[in-house]
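Novice: What follows is each chain in one-letter form.
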Amino acid sequence: ADAPVALIIAQGGLGDQSYNDLANAGFERGVEAAGLTGRAVESKDVVAQASDILRRASDAGFGLILDLEYSHAQPIAEVAKDYPDTTFAIVNTVAEGDNIVSALFEEQQGSYLAGMLAALVTTQDSIEGINADPIIGVIGGSKSVGIDKFIAGYIQGAHDANPEVQVKVAYSNNFADPSLGQQMANAMFESGADIVYQVAGGTGIGVIQAAEQSGHFAIGVDGDQDGLAKGHVLTSMIKRTDVAVENIVKAYADGTLKGGSVLGFGLAEDGVGLSPMTYTKDLIPAEFLAQVDAAKAGIIAGDIKVWNVVDQGYPDWMQ
Amino acid sequence: MTQSLALKAGEARVRLGARGITRRFGALTANDQIDFSARPGTIHAIVGGNGAGKSTLMRILQGMDQPDEGSIIVNDSAVTLSGPAEAFRLGIGMVHQEFMLVNQLTMLENLILAREPVSSLGVIDRAAALKAGQDLAERAGVTLNWHQRVQDAPVHARQILEILRLLYRGADVLILDEPTAVLAPQQIRDLLVLLQRLRDDGRTILFISHKLGEVMAISDDITVIRTGRVITSGPADETSKAQLAVQMTGEMVRAVTPRRAREGDTVLSITGLGLTDGRGIRRLSGIDLSVAAGEIVALAGISGNGQDELVEAITGLSSISEGNVALRYHDVTGMSLHQRRALGLAYLSPDRAHEGLCLEASITDNVIAGHHRRAEFLASGLLRLKAIRAHAEAQLDRFGVRRDSAALPVSSLSGGNQQRVAIARELDGSPALLIACQPTRGVDIHGIAAIHQCLLEYRDAGGAVLLVSEELEEIMTLADRITVLFNGAVRGTLRRGEADVESIGRLMLGEDA
Amino acid sequence: MLDNLIHAALIMTTPILLAALGGLINRTGGIVNIGLDSMMLFGAMTALIVAADNGSWLLALAVAGGTGAFIGGLMSLVITRLKANEIIVGLGFSIVATGLARFILKSTYGVSGTLRLPDVTRLPVIDIPGVADVPVLGAMLSGHNVLTWFAWGMVPAAAWFLVRTRAGLRLRATGAGEKAARSLGLRPLAIRDASTLFAGFMAGLAGAYLSIGLVGIFNEGITAGRGFIALAAFYFGRNHPVMTALGALLFGFFDALQIRLQGRGFPPELVQTLPYVMVIVILAMLAWSAKKRNGART
Amino acid sequence: MAMPSTNPATYTGFSALKLIGTALLPFALALVVAGVVLAMAGHNPFDVYRLLALESFGSSKRIAATMAAATPLIFTGLGTAVAFRAGAFNVGVEGCVSIGGLAAAYVGFTFVTLPAALLLPFAMLAAALAGLAWMIIPGLLKARLDADEVVTTLMMNFIAVAIATWLVNGPLLAVGSANSATPMVAEAARLPRLMRGSTLNAGFLIALICVLLYWLWGKRTALGFETRLAGMSPRFATATGMNVPRLVLKMMLLSGALGGIAGGTHALGNVYRYVDGFSPGYGFVGIAVALLGRGNAWGILMAAILFGALSTSGATIQLFSDVPIEIVDILQGMVMIFAVARFGALGRKAA
Ligand SMILES: Nc1ncnc2c1ncn2[C@@H]1O[C@H](COP(=O)(O)OP(=O)(O)OP(=O)(O)O)[C@@H](O)[C@H]1O
Ligand SMILES: Nc1ncnc2c1ncn2[C@@H]1O[C@H](COP(=O)(O)OP(=O)(O)OP(=O)(O)O)[C@@H](O)[C@H]1O
Ligand SMILES: [Mg+2]
Ligand SMILES: [Mg+2]
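Residue numbers (our numbering), protein chains in the order written: chain A, 1366 to 1684; chain B, 106 to 618; chain C, 1139 to 1436; chain D, 22 to 372.
Please note that a few of the clues may not be correct.
Computed spacing ranges between beta-carbons, pair by pair [claimed, not checked]:
#1 C:A1295 x B:Q291: 44 to 52 Å
#2 C:G1211 x A:Y1679: 50 to 58 Å
#3 A:Y1679 x D:R363: 32 to 40 Å
Calculated lysine-lysine pairs in the DSS-like style (CA-CA distance at most 27 Å, straight line) [as the list claims (entries may be wrong)]:
#4 D:K82 x A:K1446
#5 A:K1646 x A:K1661
#6 D:K271 x D:K240
#7 C:K1317 x C:K1430
#8 A:K1533 x A:K1446
#9 A:K1595 x C:K1430
#10 C:K1430 x D:K271
#11 A:K1595 x A:K1661
#12 A:K1533 x A:K1646
#13 A:K1533 x A:K1595
#14 D:K271 x C:K1429
#15 A:K1446 x A:K1661
#16 B:K316 x B:K346
#17 A:K1446 x A:K1623
#18 B:K491 x D:K240
Sample of chain C residues facing chain A (criterion: CB under 7 Å; computed from the structure) [stated by the list, open to error]:
#19 A1146
#20 T1252
#21 P1256
#22 L1348
#23 V1353
#24 N1357
#25 G1359
Don't read these hints as lab results, they were simulated from the structure. Here the structure is a predicted model, which is why all the values come from computation and not from measurement. Note that CB positions come from ideal geometry on N, CA and C, so glycine has one too.
Full structure from sequences and hints, please.
Specialist: See below:
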């Protein structure tokens, strides 16, 4: 197909240092490669304008409309019925419709590995900036199921690695306030944590800054953030939204995109996973890395079931 | 600065004057070819009825407002004033009918504002400031609490402050717009003395007043303005009160004819009323007072002796500590003003600008406010605007309010006409009791007569009036009984006939009648 | 624990305090500055840029303050000379600023949302040798950067300025009685503009505190509405510097506290409302006592 | 204490025509300034403006989209304006939108067995009451203690959002939902669409009715009359027998109710539930709408439509040009700034 493609940016907009920016990057690569015209659409009122934007794009002859906004699941299903010749795609949730493609990520799986690594490292006080206390932390951008999906996986991974580990959880309720993220991270470091996982977009940047300035460690999210504070980002839980979007665009271009399908992006598909740890792998004892790789294999093989808050609700060990 | 001006003033024949000044507001010509000349070192009175155009002219002479035609004369030569600042450079300063003070600042801060004595790096030299203030006060023979906030200061103190500030800033021409309107008798006496002193120091004073007595008493020259035109202008000793009155109003003022008061049953009765304010100060104590239908009871007293507090207690604007207030045998203690009004109370506030009127609102709104829920103005829950407008116009005509259009903001009216609007509202309907505070403040003799007539007619129709006034003359003319307050307590009550200025004056000073 | 709390509280307070003092002066002069947030935002951005390629934090502060003042000046002129409604203009400036900031990041630095520059000179932190390890006192006095000290120094300074100086008196007069001030030959509009320049300057510094004082990067959300919290602070303080500082401190303290109260059972969203709830409560108590003092006059 | 700028005096007699007149020049200027920015960014301003116009009013669908976007702003504009009239600078309508929306959604997905004839009014009522209730505290504090409403209402906004977020994450969370969102409301609770394939719904009609009622209230009712006077001069209003604290409280509550209705119509007519990002600041834009409209009923309507147009076309023009959203921000801000500037003021010197 060669009709133009559109990408609808989710809440938080471009510049969120995570989801939207990453997806947009993949989108641009995709249209570039396929030689299509692609348009990214931001809206201040994206929730309410769902069907207005979707219909406008369809009427204007866009062939593929990629939607990053979670809350558009229902509107997109409704709109898709009226535009059978247009293909729709939605990320992070499933929408019914035989001209709709859904892409789901198993963030909990990647987070599990991050949690495991953190739990293993946090007692290695031989490493500069690590203390002996089995305390690690995680900061979520909002108290919501979508974020707790990460956090639950992280906690589960940590406990499977070391039942003694205490995981401090906090929420910033703001995805774009680095100073707040920094203060929250500092508060965690003060109380004994030495590794803090950030799932908070722009606020998370402050978490990484705090790790660098206090000589402790952060764990990045979405993209490979290891480079943001070399040697102080233990690893990043990479969520390949960019890859997903890029692939969908390419598949659309060469006509292999099947409506009604649900694409899963877990460890198996390399849709999520840990960063190569360019600046930290030398610090981390090899057996830890091996242990993490083993866990990864276990999850892929299905021996390890990682809790998915979205499908299963909250586990009793997390309330 | 003062020096040189004084010299120039000495040489000049006309210190400040006008030649053919005209100012129009839409259809209305407030000033029409005004000519007059104030000689240096004299007090020049400008008299005229409400809306004659006095304030407008003064605003022009001080550069606050620009004339449409004509020119201003300063030291014998025509000038144009871009603004008050320039007027000041020529030594001309004005005290407005509405004070130009910053209420949140202290008296001293207001005095020095824009002419602050400062030490290095702009720090105010408070000592110098205080000294300057005290010297001025001393020279003027007055005492002021310099550290009081203006909003807490009594009105005559503000008045004096305005004048001292002009002196402080080196003005030698003082324009005073109805300075005595808001003052109590002996405060007026003090002020007149002050003005004469200033004149004898060589200053030139433009003095506006409706009180022909004081005008005759202190002015050297008098200019009479009527409906924007100069009627006569000349030496004071060539005219008389009566003649001025005629010239001002065009017709002879009907002398008020008090009819016999027929006492009806009690409308207002206050028993053992006492008030201790938030700071624990005793404001009122043991006040018993009653007003019957068909009589006018006057509340006399030097301002600050509890009149305001008592009025607020009767109207329900503030709650009281002990005692009760009954309206037509209903105990209204603790009722809201709204409820008391429903029982037939009407209240004419002494503070025209902030309480008696809503200056930003239209004249009609001001006349109708409070009556707007009458059945005749409401049709199925909606206001009947036509009926309201018609009613307002009728009221305005009845009280002779000189206006351009009733849709204009009431602030566009002259001081006296504003007062008439307030009275028109309060005497509307047939209230059982009217609390009339300073009803003729800032009103010309013609208007005064008219207002007095209204009050008497209202009384003779069986209305009850509690008159709070600082005009002894007014009290003598109207009151059937006179109650004098001193230190928040009733000092004595006199009936018409047994009361004379002296006895009342003694009671006001806390002595025996 | 307590030390960390105090230290964090002061850190969270500083940007609010800086902007609030500016807004206070502005409001005393008669303009309610809704645009503080926009001035903060640009202060934060320019500070980072200067601190990165020039390397002098002093210059960075100067430029940040200058930028804030410049935006303030523009806003003031629209309000005083074009008689525009201060609230809308303030909101308008905030909206334009966010757009413009993103726009500049994209067009000049080709980044979206966050600007991170190599070797940014940070604001120097002042550690006081002896005091540093004294329990509470150390947390209060030591380990804060120059702007924190400046901000608290400005509290008495502002109070003194308003009461004791000629400029302060004229400023108060302009705000409280424009007509009177004009009739005395003062130039209220010019005085207002000056006060807005100052407000902009302070807000610019507040922004600089966030970018080169705290995080060391710029992000389009870096102010996180602190300009509006500052607004609440000087309203809270009813134009008294000390009370305003107290208001700012309230926000800072309870913000630092809520971070530490998280993960102790209470739902985080509710814990986060603590600063706002406390402000309402205290405001109500103040109003109540004031009402009692002034007696029953309705 | 109300801010000087909100002095309701500026609200008296302002004909719609006159408003267009005074808004036209500033609007043009805003376009010019934003045009410069556009040009600097390498866009052709005229093309962009043509696009904006087309995307706002170019077709019946686009007009519908514009009106849909304007709907919540009309309510919040009116809500803000009634409080201003009484001299209360209420910036808390934003919070009421969230609370009201949440209440409507709750009723809408909880009492699903009720017939539409009951459920819809019930849900709307819940929204209005929730918004009203949200203003009780600041209303009382303002009316009885004269506590500064700017601070209290601003704080209430933060609290409202926090509480709403908490509720949609815990108690009211839809199962299997990956973000903070309630379940969808029952069909019976939904406001009917006015046009196929558009989000324009009966809420817009309700908004128009409210505009009419607001106009009537201000011009023709005793309460409106009293409110205006009380806003201009509380002392005068009190002296003529009005119960000013009570009026202020009433208007604060009414303001809250309108905010609640804004949320209610938005939840029942457009989003069909409460979800994160439910209100992108409708309440704050409402302040601008009220002030831009000079508190005049028709002025408010037009201002709301203007902002609605910018909001919806600002999004869709990105489908046809690479104009980034921030250009729309800049344009919207400029329009606000210039629309309140009185260029006439430049000439005469302040007297
Ligand atoms: N700004 C204005 N707009 C419209 N009309 C005005 C304005 N100012 C004054 N007027 C009208 O001009 C006339 C003269 O007003 P002015 O205040 O000069 O009278 P005055 O002599 O001072 O009366 P008073 O003794 O009651 O103060 C009045 O009819 C008044 O209504
Ligand atoms: N005749 C009047 N004059 C002035 N104010 C009035 C008058 N009647 C009522 N008010 C004031 O108008 C407001 C409306 O209250 P009212 O006493 O009419 O009871 P209400 O019927 O509950 O009011 P509403 O009709 O607004 O519900 C109150 O502030 C009241 O004090
Ligand atoms: Mg450890
Ligand atoms: Mg006059």
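Novice: Each hint: holds or not?
Specialist: Verification of the hints:
The hint said 44 to 52 Å for the Cβ distance between C:A1295 and B:Q291, and at roughly 47 Å that hint holds. Distance hint check: the CB atoms of C:G1211 and A:Y1679 are about 53 Å apart, consistent with the given range 50 to 58 Å. Evaluation of the 32 to 40 Å hint for A:Y1679 and D:R363 yields a failure: the beta carbon distance comes to about 57 Å. The suggested pairing of D:K82 with A:K1446 holds, with an alpha-carbon distance near 18 Å, which does not exceed 27 Å.
About 17 Å separates the Cα atoms of A:K1646 and A:K1661, which keeps this hinted pair within 27 Å; it holds. Between the alpha carbons of D:K271 and D:K240 the distance comes to roughly 18 Å, so the proposed pair stays at or under 27 Å and holds. Restraint check for C:K1317 and C:K1430: not satisfied, since their Cα atoms lie roughly 32 Å apart, outside the 27 Å limit. Distance check on the hinted pair: A:K1533 and A:K1446 sit about 46 Å apart at the alpha-carbon level, beyond 27 Å; violated.
Our distance criterion of 27 Å between C-alpha atoms is broken by A:K1595 and C:K1430, whose separation comes to about 60 Å. Of the supplied pair hints, the one linking C:K1430 and D:K271 holds, its CA atoms being roughly 24 Å apart against a limit of 27 Å. A hinted pair counts as satisfied when its Cα atoms are at most 27 Å apart, and A:K1595 with A:K1661 qualifies at roughly 25 Å. Between the alpha carbons of A:K1533 and A:K1646 the distance comes to roughly 24 Å, so the proposed pair stays at or under 27 Å and holds.
With a C-alpha separation of about 24 Å, the suggested pair A:K1533 and A:K1595 falls inside the 27 Å cut-off, and the hint holds. Annotation: proposed proximity of D:K271 to C:K1429 holds, straight-line Cα distance about 21 Å (limit 27 Å). For a cut-off of 27 Å, the pair hint linking A:K1446 to A:K1661 is broken: about 40 Å separates their Cα positions. At most 27 Å may separate the alpha-carbon atoms for a hinted pair to count; B:K316 and B:K346 meet this at roughly 9 Å.
Restraint check for A:K1446 and A:K1623: satisfied, since their Cα atoms lie roughly 16 Å apart, inside the 27 Å limit. Straight-line distance between C-alpha atoms of B:K491 and D:K240 comes to about 12 Å, which keeps the hinted pair within the 27 Å bound. Because the smallest distance between the Cβ of C:A1146 and any Cβ of chain A comes to about 6 Å, under 7 Å, the interface hint for this residue holds. Contact between C:T1252 and chain A, as hinted, is supported at the beta carbon level, the nearest pair being about 6 Å apart and thus within 7 Å.
Contact between C:P1256 and chain A, as hinted, is not supported at the beta carbon level, the nearest pair being about 12 Å apart and thus beyond 7 Å. Here the hint on C:L1348 is kept, as its CB sits about 5 Å from the closest CB of chain A, short of 7 Å. The criterion of a C-beta within 7 Å of any C-beta in chain A is met by C:V1353, whose closest approach is roughly 4 Å, and the hint holds. Interface hint at C:N1357: satisfied, since its Cβ lies 5 Å from the closest Cβ of chain A, which is below the 7 Å cut-off.
Given hint, C:G1359 at the interface with chain A, holds; its Cβ is 3 Å from that chain's nearest Cβ, closer than 7 Å.
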